[in-house]
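Chemist: Residue-level listing of the chains:
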Amino acid sequence: MCRPLRGGCMVDRRSFITSTIAFATAVAVGNEAEGRSGASTPADAAPAPTEPAIALVDLSLGGSAAFAAAARERGLDTLQYRGDVAAVWMRELEPRLRSGPIAIAGYTSAATWFCLDLLARDFGARTVRRSDETEAVSFVISQSPGRRAALAPAAVRAQWSAQHA
Amino acid sequence: MPKPPPGLSERDFQAALRALEGVVGREWLFATDEDVLLYRDGYSPLWGEAEERFASAAVAPSSVEQVQGIVKIANQYSLPLYPISTGRNLTYGGAAPAYSGSVVVDLKRMNRILDVSARDKTCLVEPGVSYFDLYRHLRTNKIPLWIDTADPGWGGLMGNALDRGGGYTDIEFRDHFDAHCGMEVVLPTGEVVRTGMGASPQAKTWQLFKYGLGPWVDGIFSQSNFGIVTKMGFWLMEEPEAALQVSVTVPKRRDVVPLVDTLHSLMCAHTVPSQVTVASPVMAGNNPELVRLRGSGGASDADWDRFAAGAGGAPFWAAQFVYYGSSKVIAAQWEHTKDRLSSIAGVGFRETASYTFPLSDEQAEAVADKARYGIPSLNLFGSRTAPGAPPLEGHMDFSPMIPPHGEALIALSDYTGKVYADQGFPPSFVAGMMFHPRTMICFHAVPTFRNAADNARTRKLFETLVRGCAERGWPIYRIHPVFHKLGMEMFSAGDGSLHRLHETLKDAIDPNGIVSPGRYDIWPRRLRGTRA
Numbered sequence: 000m001c002r003p004l005r006g007g008c009m010v011d012r013r014s015f016i017t018s019t020i021a022f023a024t025a026v027a028v029g030n031e032a033e034g035r036s037g038a039s040t041p042a043d044a045a046p047a048p049t050e051p052a053i054a055l056v057d058l059s060l061g062g063s064a065a066f067a068a069a070a071r072e073r074g075l076d077t078l079q080y081r082g083d084v085a086a087v088w089m090r091e092l093e094p095r096l097r098s099g100p101i102a103i104a105g106y107t108s109a110a111t112w113f114c115l116d117l118l119a120r121d122f123g124a125r126t127v128r129r130s131d132e133t134e135a136v137s138f139v140i141s142q143s144p145g146r147r148a149a150l151a152p153a154a155v156r157a158q159w160s161a162q163h164a
Numbered sequence: 000m001p002k003p004p005p006g007l008s009e010r011d012f013q014a015a016l017r018a019l020e021g022v023v024g025r026e027w028l029f030a031t032d033e034d035v036l037l038y039r040d041g042y043s044p045l046w047g048e049a050e051e052r053f054a055s056a057a058v059a060p061s062s063v064e065q066v067q068g069i070v071k072i073a074n075q076y077s078l079p080l081y082p083i084s085t086g087r088n089l090t091y092g093g094a095a096p097a098y099s100g101s102v103v104v105d106l107k108r109m110n111r112i113l114d115v116s117a118r119d120k121t122c123l124v125e126p127g128v129s130y131f132d133l134y135r136h137l138r139t140n141k142i143p144l145w146i147d148t149a150d151p152g153w154g155g156l157m158g159n160a161l162d163r164g165g166g167y168t169d170i171e172f173r174d175h176f177d178a179h180c181g182m183e184v185v186l187p188t189g190e191v192v193r194t195g196m197g198a199s200p201q202a203k204t205w206q207l208f209k210y211g212l213g214p215w216v217d218g219i220f221s222q223s224n225f226g227i228v229t230k231m232g233f234w235l236m237e238e239p240e241a242a243l244q245v246s247v248t249v250p251k252r253r254d255v256v257p258l259v260d261t262l263h264s265l266m267c268a269h270t271v272p273s274q275v276t277v278a279s280p281v282m283a284g285n286n287p288e289l290v291r292l293r294g295s296g297g298a299s300d301a302d303w304d305r306f307a308a309g310a311g312g313a314p315f316w317a318a319q320f321v322y323y324g325s326s327k328v329i330a331a332q333w334e335h336t337k338d339r340l341s342s343i344a345g346v347g348f349r350e351t352a353s354y355t356f357p358l359s360d361e362q363a364e365a366v367a368d369k370a371r372y373g374i375p376s377l378n379l380f381g382s383r384t385a386p387g388a389p390p391l392e393g394h395m396d397f398s399p400m401i402p403p404h405g406e407a408l409i410a411l412s413d414y415t416g417k418v419y420a421d422q423g424f425p426p427s428f429v430a431g432m433m434f435h436p437r438t439m440i441c442f443h444a445v446p447t448f449r450n451a452a453d454n455a456r457t458r459k460l461f462e463t464l465v466r467g468c469a470e471r472g473w474p475i476y477r478i479h480p481v482f483h484k485l486g487m488e489m490f491s492a493g494d495g496s497l498h499r500l501h502e503t504l505k506d507a508i509d510p511n512g513i514v515s516p517g518r519y520d521i522w523p524r525r526l527r528g529t530r531a
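Chains as they are written, first to last, in numbering that gives the first Met the number 0: chain A, 0 to 164; chain B, 0 to 531.
FYI, nobody ran anything at the bench for these hints, they're computed from the structure.
Honestly, I wouldn't trust all of these hints.
As the list claims (entries may be wrong) - A short, non-exhaustive set of chain A residues, derived as facing chain B with CB atoms under 7 Å: (1) L58; (2) A64; (3) L78; (4) E91; (5) C114; (6) R120.
Glycine residues also receive a C-beta, built at the ideal position from the N, C-alpha and C atoms.
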């Protein structure tokens with residue numbers, strides 16, 4: 000198993016796919032034993048939250064099909080895109096993070112992970128696991144209880160006070 | 000635990016934090032090391048060094064009243080504040096304060112879209128509204144208006160406009176500060192001011208007429224520290240019937256002069272409506288001969304044209320732009336453009352994309368150059384790194400402004416090419432980008448690193464570029480907070496009279512010097528002469 004976050008390691012593709020999905024699923028079902036992959040980080044030391052997990056896969060990357068298949072096999076709602084994650088962020092990820100809590104198991108470019116890691120912070124979410132491979136990174140971004148409150152309120156709404164109508 | 004701001008005792012700092020908690024609630028005050036690190040500048044040119052800028056805490060208000068409460072406490076304790084909207088412009092400092100030790104006022108909770116008028120083609124938003132938010136609102140509600148988005152599109156409308164950023168669609172919208180109409184500001188005294196027609200309580204034209212009556216003060220709240228802007232109105236583009244994206248190429252180096260002159264004339268006549276990018280495919284890449292030519296700082300047109308001929312005959316320059324409107328009008332505009340440019344020997348014309356609107360979600364996702372169609376995107380990050388490369392390194396934007404003249408683009412690229420080479424950096428890409436109606440910006444990426452030695456070289460490169468370009472008549476239009484003092488030194492006419500005017504305004508508007516000390520080198524009296 001790869002160490003989460005504090006330094007990637009090279010493992011065979013099958014292992015890191017299954018381990019990332021397993022970690023995300025463990026996070027989802029609150030299985031502490033499976034969720035702690037053996038490395039010691041503050042994220043692993045905290046009790047694993049109970050959150051639904053979704054998978055996010057960039058189909059333009061090699062290995063993505065296997066990751067997506069593993070995610071579906073585990074019962075994860077799998078979101079797919081090619082290259083630019085912005086539309087999926089707007090349509091799916093941001094609303095779900097806003098209503099929370101969820102965990103996101105991702106197989107994306109490093110640039111996309113970089114963006115999602117920053118964007119997710121506004122919803123109290125953090126990267127709790129990350130592994131590097133030749134073409135992609137796999138990761139888990141999780142909203143955990145006890146972390147910072149989500150900045151964005153429950154709904155972005157259009158309203159105008161009656162006195163200004 | 001983060002340290003208090005300079006000059007504030009730990010006891011007073013803790014008292015101030017408790018008071019801030021009383022305003023926003025405990026969960027919206029962030030004062031642990033882990034929380035404060037979220038506001039670190041991930042692309043800082045001072046990464047890991049003693050002078051790197053850090054927040055001491057952050058507070059996230061949800062209303063104008065809470066902002067006023069924060070300002071009141073800041074005045075009481077002389078607590079420096081640093082308001083941000085989304086804080087995501089990483090090339091200009093991100094969410095990190097200009098003055099280390101400031102308390103970041105994170106306005107992301109104030110993210111309501113207060114009004115959108117399809118009839119008037121306007122909106123009114125709070126500081127936490129991102130391009131993503133407004134785009135999704137327009138699409139979800141089938142409102143036939145476009146945003147003009149920065150690229151990448153994860154930032155906030157207000158933050159980008161207040162730092163005078165730009166986009167890609169029609170000229171009326173892509174100068175983002177110019178596209179605003181009316182604002183609401185919490186002054187450092189806690190008073191709330193509405194500008195333009197908003198100052199007339201019953202006016203129905205706050206987002207329709209910019210100036211109101213009397214002095215137009217909006218400008219002083221851009222690239223400054225005179226208040227916390229809590230609402231801004233913007234003009235929005237009506238969704239066109241169609242769009243046509245085109246490319247115009249010219250074969251020789253000096254052809255850029257008639258190319259830019261003609262395109263600029265067409266832009267001024269509103270025949271070419273969109274932002275125009277003039278880039279050089281020939282001057283891109285790491286070919287050793289290219290690097291030598293760029294590093295020489297003065298290779299002749301003949302040398303360059305010989306290189307271009309040997310490089311597979313790629314055109315020396317390519318201009319990209321878009322027409323918007325009815326199909327018939329677009330066709331006429333494009334024909335006229337070709338007529339005007341046909342006198343350049345070897346000119347090439349290509350239609351690269353065409354669309355009719357509205358687009359379905361699937362069609363919108365498939366658009367290649369999304370920002371030109373008001374679609375926010377994160378693609379720019381992926382285009383910057385090789386597949387699999389971790390984007391841990393960053394860059395700053397160096398943004399000198401030149402007249403819309405091809406010879407200036409050549410002269411500047413010659414100069415900066417030599418500077419990069421002399422200081423041991425690979426050459427930056429060369430592009431002139433016409434965001435504004437009468438100028439061209441030549442963006443350069445200046446790399447930043449996670450080690451002090453490389454960042455010392457980067458800072459030296461950046462300073463050389465800022466000074467050297469200003470000496471040649473090409474000062475920057477925007478700059479990273481670490482270099483605000485340097486940037487403003489380039490605006491020293493009248494023995495620094497502009498800077499003195501800024502300080503006069505600061506002393507009057509913010510007597511206790513609490514809002515963003517040091518931003519654009521505007522210091523309150525109590526901190527004047529401070530190194531940030």
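Chemist: All hints are to be evaluated individually against the structure, with a verdict given for each.
Modeler: Now the hints, each set against the structure:
The interface hint given for L58 of chain A is violated, since its Cβ lies 12 Å from the closest Cβ of chain B, which is over the 7 Å cut-off. The restraint placing A64 of chain A at the interface with chain B is violated, with a minimum CB-CB distance near 16 Å, outside the 7 Å limit. The restraint placing L78 of chain A at the interface with chain B is violated, with a minimum CB-CB distance near 13 Å, outside the 7 Å limit. The closest approach between the C-beta of E91 of chain A and any C-beta of chain B is roughly 11 Å, which is over the 7 Å cut-off, so the hint fails.
Of the supplied interface hints, the one on C114 of chain A holds, with its beta-carbon coming within about 5 Å of a beta-carbon of chain B, less than 7 Å. A hinted interface residue such as R120 of chain A counts as satisfied when its beta carbon comes closer than 7 Å to some beta carbon of chain B; here the least separation is about 6 Å, so the hint holds.
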